[in-house]
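> Turn these sequences into a full structure, and let the hints steer you where they fit.
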Amino acid sequence: MSTTTKSNTQLFVDGILKENPIFKLALSMCPAVGISTSVMNGILLGTAVLFVQVFSSCTISIVRNYIHPKIRIPTYTLTIATWVTVIDLVLAAYVPVAYNAMGMFVRLIVAFAIITMRLEMFACKEPLVKSFVDGVGMGLGFMVGMVALGVVRELLGSGELLGYDVLGFQPLLFFILPSAGFFVVGLMMAFFNWIEVVHNRKKEG
Amino acid sequence: MKEIIKITFALTISCVVAASAMGLTYTLTAKAKKHNHHMNVQNAMLDLLGYGEDNPAPSDLQFLRIYRYIIREDGRQFMGYMVPVEKDGDIAYEMVMMDLEYNFLKKFEVPISLEEALEVHDRAKALEKVFEPNQSFSYADAAVVAVAGGDRVGYILPGQFPGFRTFIHALVAMDPNFELLGLEIMEHEEDAGLGAEIEEDYFKNQFEGVTYDKLKTLEVVKKPLPGDYKKYLEREQLKEGALTKEEITEIQKKYKNQDIYAITASTISSVAVTNGVKNTAKKFAYRIDKLDTVLDKQNIQTAF
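The listed protein sequences correspond, in order, to chains A and B.
In this text, residue positions in the first sequence follow my numbering: the first is 847, and each later residue adds one.
In this text, residue positions in the second sequence follow my numbering: the first is 372, and each later residue adds one.
No lab work stands behind these hints: they were computed from the structure.
The beta-carbon is built from N, C-alpha and C at its ideal position, and this holds for glycine as well.
One should not assume that every hint holds.
[Said to hold, decoys possible] So the derived label-pair ranges between C-beta atoms look like this:
id	chain 1	residue 1	chain 2	residue 2	range
1	A	Y1010	B	I378	52 to 58 Å
2	B	M372	A	I908	28 to 34 Å
3	B	D630	A	I917	56 to 62 Å
4	A	V997	B	T615	34 to 40 Å
5	B	K585	A	C876	42 to 48 Å
6	A	V1012	B	I378	51 to 57 Å
7	A	K864	B	V388	48 to 54 Å
8	B	V388	A	Y1010	22 to 28 Å
And the structure:
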């Protein structure tokens, strides 16, 4: 009943490059613009999104034949909310170090478009294994995107990387402010597209 | 018609399953989560009082908590302080009731152990048994008194005040003379790189050593942080020997009772924290002074 012809490896790689959620699919721009102010934020949020995406994709894929078509979105939202709550509680109880760092971010994930869209576009149609691989690819693609943005913004905005003073001064404080998020995301989208154009040109030529 | 019933049924089932999953996880993880939170607070308090690896806390160090309540009776308002008292070689809780001018009214025992008293719900259950039906009470705040060797070593006040985004939760530590021992930010939602810098040593350590007199007029100045002061504030992160003992004492003296240097581009967060610390400390100093007077006059043998 699978409608996709891609292999598992292809699914995984596409999630990171060709169908990167932030730079190609333009989904979940809110965290990309607002929270990508440091590399550590990117890593923590990316990890949280990865877990939520994988668990949600697998859950929806398992029950995909029983979801009433008219209430798809409420079902996705319920699934995502349940997994976010479970992950939040488990982290707080058993991994306090990680929770202190990323507890604030985990709760925001419920509103992310990327997860709902992926469940709608993929997980509700595809079998379990393919959904799992797609979830991992998308989650990692999101993390890669956030880290890339974080590197640029943290380095240029506060002269640090992962909290360590690299430059010794703050080049342009503007880069940590929300408006810079739009600029940097736009520029990186252009960069990603340019790379793809060059790559395709090389393949043809 | 059949369609709507199917949809309603499906939604109900989904919600029940989701709620059960979340409820089950909560039941299984609640205890561990509370324990972790408690350990976090405990470690922060020990750190604020200056205890650590090089300076281990005395073995008889105790954190005793005073809980403040607002009591309403027949349309009038009163104050209630739940204080730990010495009783037959052990510690028990007594509720000391006063009017709004700190005139003593009455006191009565609260049947609750130190351990149970940490939870606001357990306290409420115990208090309901000892209060009259025409009295209602509401919890206001708590203060922690650190005692060792029969003396007060310091006060730690959990404070909550509005920041640039939402509330900032902090622990303010004072010595018995109300000089600030330090500040620890427990929870906040300020922006990374901007308001979140209130967690950094170069900001929060500026509150160390501020005397109570200076605290009443403490301001925030929008000037760049001097290099030597920054080095002193971050001395714990620097390598061994970066600052000699003489240099440390000299810088300490030079910047004693200095106004707080604001974080670049985060004046609002800096002012919010400074005002929050000021208010928390001032309110507590006033209250503990009045409370001590009442406890003395009534000859109540407190454990602190």
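> All the hints need checking, so say for each whether the structure fits it.
Hints and how they fare:
At about 54 Å, the beta-carbon gap between Y1010 of chain A and I378 of chain B stays in the expected band of 52 to 58 Å. Distance hint for M372 of chain B and I908 of chain A: a CB-CB separation of about 30 Å, consistent with the stated range 28 to 34 Å. For the hinted restraint 56 to 62 Å between D630 of chain B and I917 of chain A, the CB-CB distance of approximately 59 Å keeps it satisfied. For V997 of chain A paired with T615 of chain B, a C-beta distance near 38 Å keeps the hint of 34 to 40 Å intact.
Restraint check, K585 of chain B to C876 of chain A: a C-beta distance of roughly 43 Å satisfies the suggested window 42 to 48 Å. Distance hint check for V1012 of chain A and I378 of chain B: the Cβ-Cβ separation is about 56 Å, which falls inside the suggested range of 51 to 57 Å. At roughly 35 Å, the beta carbons of K864 of chain A and V388 of chain B sit outside the given window of 48 to 54 Å. Between V388 of chain B and Y1010 of chain A, the C-beta spacing of about 45 Å breaks the proposed range 22 to 28 Å.
The structure is inconsistent with the numbered hints 7, 8, although it conforms to all the rest.
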